[in-house]
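Residue numbers (this note's numbering), protein chains in the order written: chain R, 1 to 300; chain V, 301 to 1085; chain C, 1086 to 1245.
Do not take every clue at face value.
As the list claims (entries may be wrong) - List time: in silico DSS-like cross-link candidates among lysine-lysine, alpha-carbon distance up to 27 Å:
#	chain 1	residue 1	chain 2	residue 2
1	V	1073	R	287
2	R	291	V	577
3	V	365	R	55
4	V	365	V	577
Honestly, the hints are just simulated from the structure, not real lab data.
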Amino acid sequence: MAIDAHPELPEFDYFRPATLMDASRFLAQHPAEARPLSGGTDIFVRMRDGFWHDKYLVDVKNIDGVSELRFDPTSGLSLGAGVNMNRVIASPQVQEHYPLLAEACRTVASYQLRTRATVVGNICNASPAGDTIGACLAYGGILNIHGVDGFRQAPLASFFLGPGKTILQPGDIATTVHFPLPPAGSAGTYIKLGRNTWSDLSIVGLTALGYPDPAAVSGYRFRIVLASVAPTPLVAATAQDYLEDTPPSPQAFKQAAILAQEACNPIDDVRGSARYRRAMVRNLTEKALNKVYKLMENRG
Amino acid sequence: MATPTLTKKVPHPVGDSVPRVDAYEKVIGAAQFADDLQFGPGLLYARIKRSHLPHALIKKIDASKALALPGVKAVVTGKDFSGFLGLYLQDRNIFCRDRVRYVGDPVAGVAAISEQIAEQALDLIEVEYEPLPGVFDPEYGASPEAPLLHPDLGKYEVANFIFPEPGTNIANHFRIRKGDIEAAWSQCAAIVERTYRIPHVQHVPIEPHVATAQVDDQGKVTLWGSSQSPFAQRYLIAKALGMSQSDVRVIAPFVGGGFGSKAGVSMEALAVAIATKTRGRPVKLRLTREEEFYTAFVRQGVVTHFKMGCDQDGNLLAMENRFYWDGGAYTEYGVNMTRASGYSSSGPYDVPNVKTDSYCVYTNHPVGGPMRGFGMPEMHVGLEQCIDELAHAIEMDPVQFRKINCVQGGDTLVTGMTMHPTGLSECLAKTAEAIGWGRKDPPSAPNKRRGKGIALMWKAPAMPPNAGSSAKIAMNEDGTVTVSVGGQEIGQGSFTVAAQLAAGALGVPIESVRVIKRLDTDSSPYEWQTVASRLTWSMGNAVVAAAQDARQQILEVVAKAWDENPDDLDIIEGKVISYKTEESISLKNIAIYGIPMPGDQGWVGGPILGRGNFMPTYVTGLDPETGQGPRAVVHYTTGAQAVEVEVDMDTGKVEIIRGAAAFDVGKAINPDMVKAQIEGGFVQGLSTALFEGMQLKEGVLQNPSFVDYRIATSTDVPRDIKAIIVEVGQDDGPWGARGVGEHSMVPTIPAVANAIYDAIGIRVGAPPYSSEKVYLAMLDAGLVE
Amino acid sequence: MSNHLIAVTVNGEYEQVEVPSQMTLLQMLRDKLALTGTKNGCNAGECGSCTVLLDGEPVNSCMVLAVECQGASIVTVEGLAQDGVLDPVQQTILEHGGVQCGFCTPGILISARALLDRNPNPSEDDIHESLVGNLCRCTGYLRIVDAVKDAASRQAEVAA
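Chain R extracted, bound-state conformation (with noise of 0.2 Å):
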């Protein structure tokens, strides 16, 4: 946040296109002055601190279709980018298909945030710190992009190439995340340290989630996904690997534990240092992996 913040937002002009193409349009033909508004959280914020002068907020959540949620039982989860979290938690399919993403939005800021935060949104702020997006990855999320061509998808897996920086180009607007049915049998948590209980940013951010597979050696699988601790959201690939290889055991999840540690790249900031990031992301991984794993073994 900046010291010298705005009084009151910056002036623009409000613009409620009819159609994604008009949207879609309007935004490629104004590159750097336009941008496509949702639940303008984090809009608004960067607005007022003077980082962000768009002459224009191109509405979009109010398009055909974009404010869905919808769960198909083959095809799995779609939530429209004007869906906001408190939503996307109180939905029973959610609850029951998805509770990782439900867990996730929980600990965003407070309940009047999330009357307006979207989970599109969260994605394509592109933060390092979004609670979302490990879960969002971890269920192998999926976005659908409409640009000036049409629509086309994106795995989020490629979707994110820096701080607030992503694939998206002028004229794409994020309409939905898709997830396929989550493999069976999983089961996941978000760890989320803050300096307060709740709705503080994470000082460091730590999703788990686990699933039985017959085809991998040890018989599971784990995504592992950190927040805070590098310049995009960090899939720890080397202690996924690990995991895929090693039986579950407390020893192996301190193991894996250690390099997630060692494949994070935190900075020192405000929230926290670096020496203390990279303890967290150990510690946290290690308490994530045997809870996981715990309630896999509960269910099964």
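Once you've looked at the hints, dock chains V and C against the given chain R.
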């Protein structure tokens, strides 16, 4: 003027937990705060051009482009205003004139037809600076090598109990020399020596500062602001502008939290100064939350060095303290913290040998001002941890150690003053009992450890010796009473207390009392400031005096009409009764129109208007070399606080499981509101213990928002806080009352630190005890790998 | 830059307001409709003082554009009491001493009302969590939580 003595029966509703008189309008959204007042279409909006450098000379300011911007009505700079501001030390111009001294220092002000245009104008003001080396550490600042921030220190006007050292950055040096510490050290069985660096914190009122000013065509000023101190603002702003005080009118509606940040003058003078150039149009200035963090007062940082020793039996023998207060760019108000911490530097203990040097040092940091506790929370952080360490060093229970040493009535205090009766021992015993001292409960999980900690505190109102209060009481035709005070309602409940004291002293039910809820220096009676936890005591005395004055007038009128002696009459439940004849008459029949004499022989009486005032007259000066004198302060409120914590060994996170606190309030005028102060202060204290600290880097605040300056939320508080009231009466307080508003957060930080030590065996030093700080301390100590 | 004419229902009253694009719902309520009960504490979605109900759901009104509220129904603190009868959360916060300076109170009351609307029987943990977006510097929160608990049980009694 008689104050109700301790022996007199306490009349209802004094001592009753009546509902707040201001709650209804607050829950329906009708209570007006400074930003809610409506000024119509003529209102202009101000923004401030601020220094982005911590220390620099101003070479040139060119505002011509800003003035040319359509919609801009005025641009002012330091050259327009030569006067000085300052409560204790007049070291501050309204706008910087030749030099900027902190990031945020006001360089120019703009008034425009909208906030946005005013913002645009700021960018058009060109300021040429010559950067100077800065001072970012008070110990360095006090050294001869440090660059000089106030070359004119010797010329500033200063209160007669503040002693600046011209040619240095030391704005005040307060000394205590009691006994002989050098001789005492050799008798000590244990000596502890520690240093604590306490970070700056911010008050974080949820309402940011707002001020609207208007200057009429005769030059008279009206200021509407969120203010704890309308009279002090009138005094200081008039002085800075070279005006008469009565030509400045300050109107202060409800205050959305103050905690000291809205005492004295901070941004209000900017609004007034700008309004002098807008030809009668009102000008509103509101601070953004970001500005609130670094341009309003902050609780100054401090480096405290303690050395203390005791004998084998646990008797404290000596203390040697050195405090370096980080006064910031201007120490006009905060400078008095040097003194307050000096005259209380022994803590609430009986110590025969004390040497204290307390310095207030100019730095290129935000301006240090008063905050809840006025130096005491910061000082007690180290003091109460050292006390704990000494107890452990001689293998004595920390509660027992405190019991042996804590101050009692009749003790000779560190300034030579004799202590008045105090219930500190009782506070200690009750707090220890409430927290289950000595009992070790198992942690809630295998990776957690539990501990308990306790701390004592004391605090005296820090103020000039003669800070005064006054009150008015008017009767209405319907028999109700209108109470008028100059002390502000900032959430602590002062209006409710005023109503209770007036009702009790006059003899009317609480429902019959109205308190005027908007202060106005043109009509409210004088009050120095709403600070120092002094209102219940000082303003309370004035209210009681006013009520007694009104009561006496009423009794004399009725006595004359009934041909009785006033001593045989009383006022009960809004009726005057005669104990002799058992006759009675309602106040509503006499308060305005008087009473006809028997046989139509004229009238007696007239509208009843009571007046009262209070000013302590007995506080004496202290010897500048030794800090000794007969009476340093009016009184001390004492208390104790204990917490139970759980430390997560995986993360270092400290959770407060429960808390208990007891304070000797003399007499609780409204017990429920006293408990609310004890709870609220506890949580503000734990917030500063766990989360808070301004991260200043070369004078630039790194966390100027709620995103990164975290305060306690509803999920960070323990579910169980036991608030205990102890009542050892104050000889000159209304029915024995003394203040408690600030005290409740004084001992929290060391209580938490001592509990963390009890849990993990590590002293974590200075706050905040963030999970990071605790975890890394455990890592460094080898407690975790 | 463009202005928009929008129609909204505020506390049950139909209103038409002309708003510039960048005007927040908070500004519209305070500056256009003089509903100053809703407070501006940070203008960044952090403190919760500006919380109002937007189509029944609590939002930080500083984080919503006025123009986005076309056709919406808004409830502010001024709209909680009905015909002079306080909402249970107003009554209990008053009785439990959950009000001190009163600046956070409007937002807290809206959050509490929203909680009881979606969960008439909240646990103590639910209440603490539901208030995490409403900063209070005076009370220490416990009396507010007690008040919400009490309001829930009073509401249940009325319903029974």
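**Request:** Against the structure, test the hints numbered earlier, and report the numbers of the ones violated in rising order.
**Result:** 2
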